[in-house]
Amino acid sequence: AECTEGYLPSVPKLECEFGVLTPETFECRRYCEATIGSVGTYRDPDALEPGVLEMGAPACVEGSVIESGGICTPVCAPGYVPNEDRLECVDGVLTPNSFRCDSGKPCNSPEGVENALSRPCEE
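118 is the number that the numbering used here gives to position 118 of the sequence shown; each next residue is one higher, with no gaps.
Because the hints were derived from the structure by calculation, they are not lab data. These numbers come from a predicted model, not from an experiment. Wrong hints could be hidden among the right ones.
Label-pair restraints from in silico Cβ distances [said to hold, decoys possible]:
(1) G19 x D102: 18 to 24 angstroms
(2) S103 x L14: 45 to 51 angstroms
(3) E24 x V65: 31 to 37 angstroms
(4) R86 x E27: 22 to 28 angstroms
(5) V11 x M55: 30 to 36 angstroms
(6) F18 x G79: 54 to 60 angstroms
(7) R100 x E15: 24 to 30 angstroms
(8) C28 x T95: 18 to 24 angstroms
(9) G37 x V93: 15 to 21 angstroms
(10) T4 x P110: 54 to 60 angstroms
(11) N83 x F18: 30 to 36 angstroms
(12) S68 x D102: 52 to 58 angstroms
(13) T22 x V93: 29 to 35 angstroms
Glycine is no exception: its CB is placed at the ideal position from the N, C-alpha and C atoms.
Turn these sequences into a full structure, and let the hints guide you.
What follows is the structure, given as structure tokens:
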């Protein structure tokens, strides 16, 4: 079973035995492409390590191709966290359409600030 670009077949193949096609037909369904650089982005370009996570690598736990109706669980480099929990593929469109990987490392509160509360920042 084959479809035009931007679509995936609902079954991997059709088989013909004694003049009977199984399954009788298939559907071509739109899919979403999700790669690092197109869907997953970083504020810090040094986050991408060659051989670990590179531009063009799958941006989702489920891979770089998400079937329509499927879910993308964002993937980030070690030490980074996605700003979205999940993206949904509907008729070839991811919603939301991207996610960002931010540093998961906490920032230290500034010290010695005159008249500041003892904990000037909330996490």
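To see whether the hints hold, each was checked on the structure:
1. G19 x D102: 18 to 24 angstroms: violated, 58 angstroms
2. S103 x L14: 45 to 51 angstroms: holds, 49 angstroms
3. E24 x V65: 31 to 37 angstroms: With Cβ atoms ~25 angstroms apart, the hint is violated.
4. R86 x E27: 22 to 28 angstroms: Hint holds: Cβ distance 24 angstroms, inside 22 to 28 angstroms.
5. V11 x M55: 30 to 36 angstroms: holds, 32 angstroms
6. F18 x G79: 54 to 60 angstroms: For G79 against F18, whose Cβ atoms are near 58 angstroms apart, the range 54 to 60 angstroms holds.
7. R100 x E15: 24 to 30 angstroms: violated, 45 angstroms
8. C28 x T95: 18 to 24 angstroms: Holds, at about 21 angstroms.
9. G37 x V93: 15 to 21 angstroms: Holds, since G37 and V93 (Cβ atoms, about 18 angstroms apart) stay within the stated range.
10. T4 x P110: 54 to 60 angstroms: With Cβ atoms ~57 angstroms apart, the hint holds.
11. N83 x F18: 30 to 36 angstroms: At roughly 55 angstroms between Cβ atoms, F18 and N83 fall outside 30 to 36 angstroms, so the hint is violated.
12. S68 x D102: 52 to 58 angstroms: Roughly 29 angstroms apart at Cβ, these two residues miss the hinted range, so it is violated.
13. T22 x V93: 29 to 35 angstroms: About 32 angstroms separates the Cβ atoms of T22 and V93, which means 29 to 35 angstroms holds.
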